[in-house]
Each structure stands twice: as structure tokens, then as C-alpha cells.
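Asker: Sequence:
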Amino acid sequence: MARTKVTILTTGLLITVVCTLSAWQWWGGGEVDFNSQIRPILNANCTGCHGGVKTQGNISLLYRESALAKGKSGKPCIVPGYPEQSELIARIKSHDPDDRMPLKAPALSEEQIDLLERWVKEGAEWETHWAYVPPQPQKVPFVLSLWPENDLDHFIFKKLKEQDLSPSREADKASLLRRVTLDLTGLAPTPAEYQAFQNDHSGQAYEKVVDRLLAAPAYGERWAAMWLDLARYGDSQGYQKDRHRDIWQYRDWVIEAFNQDMPFDRFTIEQLAGDLLPQPSVDQRIATAFHRNTNTNDEGGTDDEEFRVVAVIDRVNTTMEVWQGTTMACVQCHSHPYDPFPHKDYYQLMAFFNTSADTDHTSDRPTLRELSGIQQRRKEELLAFLSTHSDTTSREYLMAQEKLSQIRPSRTPVMEELPADSTRRTYVFTRGNWMVHGKEVFPQTPKTLSQLPKDFPKNRLGLAQWLVSTQNPLTARVMVNRYWEQLFGRGLVETLEDLGTQGAKPTHPELLDWLALRFQNEHGWSVKQLLREMVLSATYRQASEVSTPVLEKDPYNLYLARGPRVRLTAEQVRDQALTASSLLSAKMYGPSVMPPQPDGVWQVIRNVMRWRTAENEDRYRRALYTYWRKSSPYPSFTTFDAPSRELCVSRRVRTNTPLQALVTLNDPVYLEAAEGLAWQMKQEKGFHPRENIKAGYERLMGYAPSTERLALLESYYQRSIRHYRQSPADVREFLALGYPKTPHLAALKATANVMLNLDEVVTKQ
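All residue numbers for the sequence shown refer to UniProt numbering, where the first residue is 1 and numbers rise by one.
Just so you know, these hints were derived from the structure itself, not from any lab. It is possible that some hints are incorrect.
Here are the computed lysine-lysine pairs in the BS3-like style, where the Cα-Cα straight-line distance is at most 27 Å [what the hints assert, rightly or not]:
no.: 1; residue 1: Lys54; residue 2: Lys505
no.: 2; residue 1: Lys528; residue 2: Lys208
no.: 3; residue 1: Lys685; residue 2: Lys159
This one's a predicted model, so the numbers in the text were calculated from it and none came from an experiment.
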């Protein structure tokens, strides 16, 4: 007992000392941390005038070399170890308004001045920003809890305890199945899938579901939709005329790459430089259409060279945002105002892309007119089927012939290098003006992120190889963060597009590095294995309900004490409605289709192209296959926050507006989906309104509605059926899919339309 008391006292004393030392380091003693304490002060108060854009007094506080040098005054800005000799300290402490820095702005606080003074006295160490240091190996934290399902959870649990939070219970089976099915395939579960999961009481039930979903063809379609935002994919050329562009073979390549679990390093190399690989295949050349999604301007009077340069600039910006989470667009005109990227870096990156053969021509040359690997395999399957069937008049034979006749190569724009004797030189554009050339530059990566290895080719292939090399500090982090955001609704770094000094700080920096290194090493760049690890975690499986105390402590769920709860994407809202109604077509690949949209939408932009509304199953293809005109995207998608894709978009900012309900209540697609759902409700339960409504709700959510919810829906049904019994003409007008035109079905359709608009139905929770 005495030994126990001594141990407790010693432990308590140790904790007190550690806490005291931590507080002493932060408030008045210990070493000052540059990244967490000094850099924010400099960025907020100093680098606007002494940074990348302006270097007043010949001083930039982005770089240690400049900060230690003498400015225009002849005095050194910072003298490490000697704050009394440092002009920086003298200026921020000055009481003369003409001398004090920051000039014409509020003075720094006493705490800020003290931190800067102590930092200089300690030697003015200049740490590299966390994101520009390669991911560091992390030891999995030891935790005293049975809650974790895998190592990932240890990092989350440790942080929860630090914040005085506890994890939530596991979500119920129906909610968990719906969440993971939406996340991995973009579709909601079917009634049969709900039933099978509920009936599987084995310890591996959830794991089996995850593996089934990862192997489903719908998986590739769901994750391709995310990637196409990054690739700024569209079926048109952009700008004012926005003519048609045949580039759907690229979209199909992305779907196939995800379904085949192409390692992300190869996925990167083939898109950025597939044409530069030895003896590139047709599919590898199609992959390079990633950078042919740039806009083409064929408006009269435009300069082709100017807009060729604009396209090359877009390739630089997109590459750096997608793979490096870095905002480089401003470096086109001047050095980065906050991050250590000088003006020259931009044009050295541009040199990688400046030798491609495209010239902003209406024809989109160079193009590839070949069957893709997907088309070739489908052609061979159909030919094999026709060769083994002798009845040339059968329906199956004729349908196969029709499908075979539809397999035709498109004219896909691809990347291609100029001949060696026609290559272009690259110059720094003075202030970003493409007509004012400065010094000539050559392909090179930013020094801040690591220079291109000498044995890498100085072309797009070398750049792609560098992006996925161990020397690159950002790619694995950026992609892990991107996939995390897709599952949890918020990245470990919230600003997916900016991991620089002005971006958000990581909430779990050790976990981010641990996942990044696992993605590269243990998982071998396998996206499926990465996602599998995330969705099998106890962190992901938590219920999304939250108590008031927890909500007050962590309103944005930064520390993950509960499961994700976010509105579905534009594509998921539509595809879920079609799935519940049994209207969704399983057809994959091929040219984009045109489901119903309001009349005149395209004509407002330019009265040349026509929207030809699809019929039969093409009317109900997945949202991914909808024709995407950049100047006028599909209206219901933009209402639910889809971008135009004129430029790369890393994250869609979710909004909540009445327009969204007006779309799902009135758009023909959702009305037809409501009718299909009503028919399924009737087929399951006959003429039993209460049971019909329960069946419809269960198709959407996987569980029965609450008593209150059911009462409201039943009340609405009763009002609707009274109306339709009195108005047979309205029944005939309202029902459009060829089902029996009865008041009961019309009232069920109206009720189903309401159900498709319920908050829980359009939310992943």
C-alpha cells in the first residue's frame, strides 16, 4: 500500500512538472517555436511589405538569408543572438510612428514583441514549414482502451483524450451500411443489401461488405467523379463558344483505373506523361487527356499563342494544386507572398509543359482516333457472342449487332511533344505578361520542395516521377488528406488546395504523416487499401449523433468524437433517387448523355449547340455520364454545388439553399424517380398506404420511419389522394412512366417526392 501511495504521488508530481514546463515554454520560458509562434506573427504583420510581392527596404522575411542581410538602412534586420543589434526588434519596439513597424497598422502586442525578442536571442532559427519536410515515421500511440479497431484509431483516441472527449458508440447497422455504400460506390444500398447485412451476425459482416463494395464496378464511377473535378473534365472546349469536345474516353480511363486499383504513382505518371513512356499504349496516351481538359478559345480575333500560353499556365496551376496542395497561380506574376516560392520557380515549372504540340486550335489537335482498351475488349466480347449464335434473327443477336455498331473510336485530344528541332524556349514573364520576356529558364522543380534528381529526364515524365518519389514531401500527404475529406467531410488539413503557410494547420499531424507513409510503402500507392483501412476504423464507424456538451466542445468535429454527417454530392443525390426507384441504368462507359433539363438553358449562353434529351436507359444513366458543358453545366448539379470545371476544383463548398428543394421537387428526373419509387412501394405492399410509405422509407434509409415521421407522411398521402380522387385529369398528367394511372399511385408519387427531399435522405450520416 505504501509503495502504491508513493507511485501515485510521484506520478502526480511528474504530471505537474510536465504541465508546468509546457506552460513555461509557451508563456515565458523554453525555446520559442518558429513555425507555431513566430511565422504566424510575421505572416500576419510583416510579409505584406517584406515578403514575396513586396520587399521594401530590400528585406524579405520569407527567407532567412534575406532577413539576416542588411537592408537599405545599412543595418542588419536580424542578428541571431543579439536582439539589441537587430533592426527588426528596434522597429517593432519604437515609439516613433514614422519608425515603428508595422507601419500604419496596430502595434504588435507585448506578448508578440517578447516572443520575437526571445526568438532572436535564441539564435533566430528558421524552421521549414511542416508540409515542406518529407513525412516522418510515426510510432503508433499506446492507448488504454478496447475501442480502436486498427492503428489509425490510436492516433484519434489519443487526441480525443487530450481534448477531454470520448468516442461515440458505433452507428446502427443500417446507417453504417448506407454510409459506407454511399462513400465507396456513390450509391445507396438496395433493400436486399440492407437485409443481407442485418442477417449477417458474423464478426466479419462489415469487413465483407467493405470488400464487396471495393470490388463493385460502381466504385470506380464514384471515385472518378471526384477526380474529374480535379482534372477539370468537360465535354466542351470552354470560353464563349464552348464547342463540343470528344474526351469521354479519358473519363472512362479514369473509371477503369480506379476499378483496377491502378497504383497512384502509375496513375500519376500515365496522366502527366503517358505519351513519353517507352512504346506507350493507346490507353496510356488517352490518359494524357488530363491536361487536354484545358480550355480552347476559337472566338474571332483572339491570338492562338496567347491562349496556348493560358492553357500551359493552367497546367502548371492544376498540377501543383492536385499533387502538391500548393497555390502557385500568384507566382505567375511575382514571388509567392507567403510561401518560399520565388517568381522564377513558376516558369521553371512551366518549362516542363511548354513543349507540347497543342496550339489552341479548334480541332483540338493533336488527337488520337483509336479504340480504347475498354472498347476493344467489349468489341471482342460481342464478336465472340455473335460467332457462337446461329439464329441471326433473335432479339439477343440483333441487340449485340446494334451494340457492336456503336463501338467507334472518338477523336480524343492527347498530349504530344514537339519534334526536337521545333521545341520552344521558356522565359520568365515579367509581371506575368506573356509578351514581356525576362531570363530564359529550363525545367526544374522548386528548391523548397526538393530539386529534380539529376537522373530524372527534364520533361513531363521526369516531373511526374518526381511528384511520386520519396524526395517529394507533399504528394502522399495531399492525396491521403483528399481521400480522408471525402469520407469524413473535412480533411485532416481543411484547406485541401493549400497546405502552405496560409492554409489550415493539420488537426492530427502525426496521423497525416503515418497515413502518407503507409499509402506509399505498406499499401504500395493502392487507393483501395488506403480507403479500406479508413472505413474499417472505429473512427469511421461512429454514430453521427452528438450531445450538447460535445457539440459545444467541438462544433466542427475536428477531433472526430462522432461519425461524419454531410449533405450528399450533386451526383449522389440524383443517383440515390434513381436507385431507390429501380430506374438507374447499370450501363457503363461511352459518350456522355443528356437527361432532361429545362428548355433554353444552353440557348442563354450561345444558340448553336442543342440539348437532345436522352430516351430509354440513357435517360437514367449515372450522373457521372451526364454531358458537361463548361459554360453551362447541368443545372441541378450546380444547384447542389458542383463546379463548372473551367478550372481545377479541390473541394466543393457545401451550401444549403431553398433552390435545392425546388430542384428535387420539380426537376423531371426527380419526379420520374418519385414515380418509380411509388411503383416499387405499391408492388411490395399492394394497396396499404401506411405499409407503402414504410416500405418506401425503408428503401431509402434502411430502417423504419419514426412514429412522428410516419404520421406526417401518411397525413400528406391522405391529402394527396383526396385531391387525385376528385381530379382524374391531374392523375393522368402527373403520372408519366406508363404505370396504371390510379389516384393511389399518384398520391404515393407525391409522397415519394416528399421523401426524396427529407433531410436525412439527402444527408450521409
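Asker: Now, for every hint given, state plainly whether the structure supports it.
Answerer: Tested hints:
no.: 1; hint: Lys54 to Lys505; verdict: holds (25 Å)
no.: 2; hint: Lys528 to Lys208; verdict: holds (14 Å)
no.: 3; hint: Lys685 to Lys159; verdict: violated (49 Å)
Checked against the numbered hints given earlier, the structure breaks only hint 3 and satisfies all the rest.
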